[in-house]
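*Asks:* Protein sequence lines, in the order shown, are assigned to chains A and B.
When the letters of the first sequence are read in order and numbered with the working numbering, they come out as residues 7 to 372.
When the letters of the second sequence are read in order and numbered with the working numbering, they come out as residues 947 to 1318.
Treat each hint with caution, since some may be false.
Sample of chain B residues facing chain A (criterion: CB under 8 Å; computed from the structure) [what the hints assert, rightly or not]: (1) Glu1213; (2) Asn1224; (3) Val1226.
Derived DSS-like pairs: lysine-lysine, alpha-carbon spacing no greater than 27 Å straight-line [to be verified]: (4) A:Lys231 <-> A:Lys275; (5) A:Lys118 <-> A:Lys174; (6) A:Lys312 <-> A:Lys261; (7) A:Lys312 <-> A:Lys280; (8) B:Lys1309 <-> A:Lys137; (9) A:Lys137 <-> B:Lys1208.
Cβ-to-Cβ under 10 Å is the rule here; a few derived chain A residues that face chain B [what the hints assert, rightly or not]: (10) Gly22; (11) Ala25; (12) Ile84; (13) Ala85; (14) Met86; (15) Phe88; (16) Arg110; (17) Lys114; (18) Ala223; (19) Ala369; (20) Leu371.
Note that these hints are calculated values from the structure, not bench results.
Cβ atoms here follow ideal geometry from the backbone N, Cα and C, with glycine treated the same way.
As a plain string of letters, each chain reads:
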Amino acid sequence: MASLDLININKVYPNGFHAVHDVNVKIEDKEFIVLVGPSGCGKSTVLRMIAGLEDISSGELYIDEDLVNDMPPKDRDIAMVFQNYALYPHMSIYDNISFGLKLRKMSKQQIKEKVEEAAKILGLEELLDRKPRQLSGGQRQRVALGRAIVRDPKVFLMDEPLSNLDAKLRVQTRAELSKLHQNLATTFIYVTHDQTEAMTMGTRIVVLKDGYVHQVADPETLYDKPANQFVASFIGSPQMNFMDAHLEEENGTVKVKCEGGYAQLSPEKNNVLKQANYAKKDVVFGIRPEHIQVTPGESSGENVAKVEVTELLGSETNLFLNMGSGPFIARVDPELDVKVGDQVKVHFVEEKVHLFDVETEEALLK
Amino acid sequence: MLKNNTSNSTLSLLERVALVPFRITASVIVPVITLLILYYGFMFLRASDANKLVIVVVALMIGIGGVWALYYSTNLFVESLLSDRWKMLIRPFVFVGPALAVLFFYLVFPVIRSAYLSFFDRTSTNFVGFDNYIFAFTDPAMSQAAINSILWMIIVTSLSVGFGLLIAILVESIRYEKLVKSLIFMPMAISFVGASVIWRFIYAFVPAGRDQIGMLNAVVVWLGFEPVGWLINQPWNNFMLMVVLIWLQTGFAMVLLSSAIKGVPQEIIESAQIDGANDVQVFFRIIIPTIRSTIVTVSTTILILTLKIFDIVWVMTNGNYGTEVVASRMIKEIARFRDFGRASTIAVILLLATIPIMYYNVKRFRETEETR
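I would like the entire structure built from these sequences, with the hints used as guidance.
*Replies:* Written out as structure tokens, the structure is:
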């Protein structure tokens, strides 16, 4: 149970590579923070700096009120789950889980109780005498969790713990981790490159790219109000559609004109744009596939698109549409009667239109 | 083989049957001719007084070509056998046979012969029962040698492995790691006799008052002490000899242990650090258990080497001043006393002493193979 404060954290490697730039995040007690971003974005480096496995080049890291920049990992009272689980191959599962407790000179009776309790939570009771190599990936993963749980650490760190599990087990473990977080009421810091994991588990998400923090927000905000084009494209699947567009003012309302069609804006967004004096500018127009309404049967006029590909996913269908400037995806009801080659009428939901600056890629409608 | 089969299929049955006697004759004659050529070639070269270099080159050619010719002709012989069953049975031996024969004549046969000779007297003519063994286990000089050998095994092995491990962990990821390792490994390239000569100079002793030519005594005298007879003072001279082997073997241990340490997954070490282990605990509880099989292999290799060591003793003290070891005693029996019985006995004892170590080594090896 602890809060963390990352202030202007930087990581520069001896070879000059600047992996992490000025990370500023304040993590409250009992939060489930997810660091997410494409590979090489520096998320693991941030986690390893919090763990103490990597030196902090500049900046300050506080756990609770203590500055821990120069504190070795063993004194930080943290637990970490590694991607490859990092179990000790020469020790039994019992010894693996109790290793940290033994080092802390806890009594044998206490250790036994702790290990058995953790084993019960994780369903490892039958496996305590085995060696790691006799376990399946999912079981090893739970042992790694058990090793962290028994320590009652201030902070749980997890470095892509699900990436070595198969898809089904991953979904299941995701839910278990969320439950575990609720039961333990401890601060979790979780690293992943998978935006689904981030969105489903995190109470707050830190989106990183190329060593820079792009946005820190809860999942809803991240989804509804991405700070820039990168966050907008990274969060959500299938990803947000982007089209080059031009803003035009007609009768006091701003229209987003793109090739073959247009989108209208809600009144409040309208006002924001007007105040920011953005009318008549080139912008990037972003719209999520689920915010495009499709009506079949129209064949001429504006906002008419051709259906190029249909992907039936069961509960929904993805339509690859084209209005002339390249394909974009709309997510529609599978009952909708459209076939490849059909012409359809497209409507972009006013409240859900995103606009980004062409140069800075920053969101215009914050 | 394949070629024969395909060509066979194009012949009629009659033709094939008619060819059989011809093929069998050919396949017997070819190996015989090959053998004869090799034999007379060898005899001719031995008798020849041509330029030595020419003889060497010709001998190399005949040797390498001869091996090929022998394999080829014996294979031909097997191929001409009538039934496939016999071919399957005999063919492996065509290829493994020569190696087995060499192994037998150079390894198995001498062992049997030594064991046999150990029950005979010095000239190998009269059977003496267990007399030689009684001598080996009761003679005071032999006891001294045995005690020394055991000391060598314990001290050299533990210190070589200990120092090797220490250096391996200390130079791990320092800036001049490769250079340091190369320097420490370098003595490995020196022969035991060469190293002994070097160290005899280091230990050289000249009575007080004259210039010291030995490095150690030069330092001792310079510091204002009396020169020390490093190789004469008992029992410390034994340790002075062991230092030579430790110097030679530490590099070997270091290189193997160092690569084993590098093979320990970084994540396990980091995991232990986060679990609360300090560097010492990481070393003893994580690294050592993980590289245990390498430590065992290195230890047993050095252990067996110390059992066989005689050259260092031979060159530096010749086994005098209470520095005899079992192997040098064996050489002494055969080279100086011409006592084949006793020498064979000691050889057999040395062999028996290595068996438990080898057994343990093989067992460990199998275990680690299984856990892979």
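*Asks:* For each hint, tell me whether it holds in the structure or not.
*Replies:* Results for each hint:
Because the beta carbon of glutamate 1213 (chain B) sits about 4 Å from the nearest beta carbon in chain A, less than 8 Å, this interface hint is met. Because the closest C-beta pair between asparagine 1224 (chain B) and chain A is about 6 Å apart, less than 8 Å, the hint holds. The restraint placing valine 1226 (chain B) at the interface with chain A is violated, with a minimum CB-CB distance near 11 Å, outside the 8 Å limit. Proximity of lysine 231 (chain A) to lysine 275 (chain A) is assessed by CA-CA distance (about 12 Å); at most 27 Å being required, the pair is judged to hold.
A threshold of 27 Å between alpha carbons decides the hint, and for lysine 118 (chain A) with lysine 174 (chain A) the separation of about 32 Å lies outside it, so the pair is violated. Distance check on the hinted pair: lysine 312 (chain A) and lysine 261 (chain A) sit about 22 Å apart at the alpha-carbon level, within 27 Å; holds. Straight-line distance between C-alpha atoms of lysine 312 (chain A) and lysine 280 (chain A) comes to about 33 Å, which puts the hinted pair past the 27 Å bound. Taking the CA atoms of lysine 1309 (chain B) and lysine 137 (chain A), the gap is about 20 Å. The hint holds against a cut of 27 Å.
Proximity of lysine 137 (chain A) to lysine 1208 (chain B) is assessed by CA-CA distance (about 23 Å); at most 27 Å being required, the pair is judged to hold. For glycine 22 (chain A), the suggested interface contact is broken, since its CB lies about 18 Å from the closest CB of chain B, more than 10 Å. Given hint, alanine 25 (chain A) at the interface with chain B, is violated; its Cβ is 17 Å from that chain's nearest Cβ, farther than 10 Å. Among the interface hints, the one on isoleucine 84 (chain A) holds; its C-beta lies about 6 Å from the nearest C-beta in chain B, closer than the 10 Å criterion.
Residue-level restraint check for alanine 85 (chain A) holds (minimum Cβ-Cβ distance to chain B is 7 Å; threshold 10 Å). Residue-level restraint check for methionine 86 (chain A) holds (minimum Cβ-Cβ distance to chain B is 5 Å; threshold 10 Å). The interface hint given for phenylalanine 88 (chain A) is met, as the beta carbon of that residue sits about 5 Å from the closest beta carbon of chain B, less than 10 Å. Because the smallest distance between the Cβ of arginine 110 (chain A) and any Cβ of chain B comes to about 6 Å, under 10 Å, the interface hint for this residue holds.
Among the interface hints, the one on lysine 114 (chain A) is violated; its C-beta lies about 17 Å from the nearest C-beta in chain B, farther than the 10 Å criterion. Annotation: interface hint on alanine 223 (chain A) violated; nearest CB of chain B at approximately 29 Å, more than 10 Å. A distance limit of 10 Å between C-beta atoms decides the matter here; for alanine 369 (chain A) the minimum to chain B is near 38 Å, and the interface restraint is violated. Of the supplied interface hints, the one on leucine 371 (chain A) is violated, with its beta-carbon coming no nearer than about 43 Å to a beta-carbon of chain B, more than 10 Å.
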